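K.L.:
Please work from the sequences and hints to get the whole structure.
Counting from 170, one number per residue, gives the positions in the sequence shown under my numbering.
Heads up, a few of these hints could be off.
[Stated by the list, open to error] Pair by pair, the computed Cβ-Cβ distance ranges are:
1. MET170 to LEU205: 15 to 23 Å
2. GLU175 to ALA203: 27 to 35 Å
3. LYS174 to TYR208: 17 to 25 Å
4. PRO217 to THR178: 35 to 43 Å
Keep in mind the hints are simulated off the structure, nothing from the lab.
Here the structure is a predicted model, which is why all the values come from computation and not from measurement.
Positions of the beta carbon are idealized from the N, C-alpha and C atoms, including for glycine.
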Amino acid sequence: MNKEKEIETVTLMVRRYCWGVHGTRGEALCPACAALLEYARQRRDRCPHGEIDSHE
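P.N.:
This is how it looks when you write it as structure tokens:
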């Protein structure tokens with residue numbers, strides 16, 4: 170899976186969680202979920218393993 174697809178997937182997961190648990194709607198996230206998503210993006214950007222082959 171490439172980096173952009175991974176970030177897109179995590180974004181959708183966090184957004185759905187925030188909608189269900191915190192009641193946000195649209196593109197907006199609560200501050201806690203926005204911070205979590207930013208943390209996940211930073212960690213993925215700094216990952217030393219690069220692209221992950223999904224055929225392993």
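K.L.:
Would you mind marking each hint as holding or not holding in the structure?
P.N.:
Outcome of the hint check:
For MET170 and LEU205, the Cβ-Cβ distance of about 20 Å falls inside the hinted range of 15 to 23 Å, so the restraint holds. Distance hint for GLU175 and ALA203: a CB-CB separation of about 18 Å, inconsistent with the stated range 27 to 35 Å. Here the CB-CB span from LYS174 to TYR208 is close to 19 Å, well matched to the stated 17 to 25 Å. Hint check: PRO217 to THR178, Cβ distance near 20 Å, so the stated range 35 to 43 Å is violated.
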